[in-house]
Amino acid sequence: MSILIYSVATLGTLGLIYGLGLAFASKKFHVEIDPKIEEINEILPNANCGACGYPGCAAYAEAIVEKGADINLCAPGGDEVIKHIAEIMGLEATAADNKVAIIHCQSGGKDNTHLRYIYHGIESCKAAILVSDGPNACNYGCVFQYDCVRACKFDAMHIDDNGMIIVDKEKCTGCGACAIACPRDLIEMVSIKKRVHILCTSHDKGAISRKVCGNNTACIACTLCVKKCPVDAITMENNLAVINYDKCIVCGMCADVCPTSAIFDPLKEIRAQKKAATKVKAEAIKKKIEEQKAKENKEDK
Amino acid sequence: MEFVGKILFMAVMAVFVQNFVLMRFLGLCPYIGVSKKLDSALGMGMAVIFVMTMASTFTWLIHTYLLVPLHIEFLQTIAFILTIASLVQLVEMVIQKTAPALYKALGVFLPLITTNCAVLGVAILNIQSEYSFIFAILNGLFGGIGFSLVLILMAGIRERLERAELPASMRGMPIAMIVAGSMALAFLGFSGLKF
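These protein sequence lines are chains A and B, in that order. For the first sequence, the numbering used here puts the final residue at 301, and the numbers step up evenly by one. For the second sequence, the numbering used here puts the final residue at 1195, and the numbers step up evenly by one.
Please keep in mind that the hints were generated in silico from the structure rather than gathered at the bench. Backbone N, C-alpha and C fix where the C-beta goes; we use that ideal spot for every residue, glycine too. Each hint should be verified, as a subset may be incorrect.
Some, not all, of what chain B presents toward chain A, calculated at C-beta under 8 Å [claimed, not checked]:
1) Met1046
2) Leu1061
3) Thr1064
4) Val1068
5) His1071
6) Ile1072
7) Thr1077
8) Ile1078
9) Ile1081
10) Leu1082
11) Val1091
12) Gln1096
13) Ala1101
14) Arg1160
If you anchor each label on the Cβ, the simulated ranges turn out as follows [stated by the list, open to error]:
15) A:Asp79 with B:Ile1157: 44 to 50 Å
16) B:Gly1156 with A:Asp161: 53 to 59 Å
17) B:Arg1171 with A:Ala207: 51 to 57 Å
18) B:Phe1074 with A:Asp155: 14 to 20 Å
19) A:Glu32 with B:Gly1156: 35 to 41 Å
Required output: the full structure, derived from the provided sequences and hints.
And the structure:
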């Protein structure tokens, strides 16, 4: 019986002493932590994707508060998150430059691709291109093992019936995980407003790249686009046209002039609609002015 | 002179021959977890040396003057854990206040010293080996030094491995495990030491 009492008493006393000691120490060694860090951390999406350039959402929250990092770096969070962070930090919200993934080559889908052999290995692009430079006739093209689709954390990449990869630009957060996953560097992160891109990454000479391309969209390095571009945004580098997105004004002239349709302009229709809309508006205003003039003339008479 | 000889013997035993990590396989979690950077390995090593020495001191006192007279030695484990946990908490608070950079570098591994089996291991081994008070403290100190030594060696090797060209599947943890195995084999050589 005495052992029971002793053990309870001993542990109870030890616990009490340690507890009091720690309570005293926590008062003495108290450290203030900025409550803003926690607030921002709660707003961030907590996907820990690393698109902001920090090791995770918590690290980014800390960097905003302590190092004054830019508040518009969180791509998955979008404008909503930026607005909230701006409120907490007392700053003006600056819109994020929303980026989306563009895929430079799709080899024309599974049916059209010219193949050298049929690949039956493990389902990985990295593995496929190890076997004598990949199954495609073109040494630069997409091999359809979908490393990028598996890398996407936001379900923004889908595979259509022909094996082509479709980027859902609504869901794409611009984190760039797919671009890292692609062993042939076919994916680039481009501002959603400047999605005009070259559908080819082949550095082969025009004659070869055209022959092996299943999509018939090989860049043959004719330099027509380079000459046509009004702002000199396109350069020909090693048999391949490259668009400098800092200069590009998205006029779509290069896409119109390209003889192999290697330049894809997804914004053409949107631009046309906008143009038509402004035209209608301008005409309406013109009409109104004329009517007014006519009216004034009548009154003068 | 004999006393100094005994201390030296104990130092060599605790640091090399009976190294806590590589020979007794205690404290493996921080050995793998905190050995990525030399700086944090150094900080962790210092923290463990401090905690092990303090733990040895306090647990020996509690065992000898509390548990033995009351004949409740069966409470050894729980009483020791209680002591170690409180000590680690105290160390964490002090480090957070005095060295925030070190606190950040150690991260989650600082509270994990609580469950570092090397710390509880040294406390229990002190009692089992029936060391005197002074030697119990020294055993804790040298045990901590041995732990820090392998931790720092490992961190140095892994910092170099970061820059080495390795196949993607071997990068990071797999190669760290292989290195840990090789280090354990190397330390096995010390077990042949005779005095």
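Violated constraints from the hint list, given by number and in increasing order: 1, 2, 3, 4, 7, 9, 11, 13, 14, 17, 18
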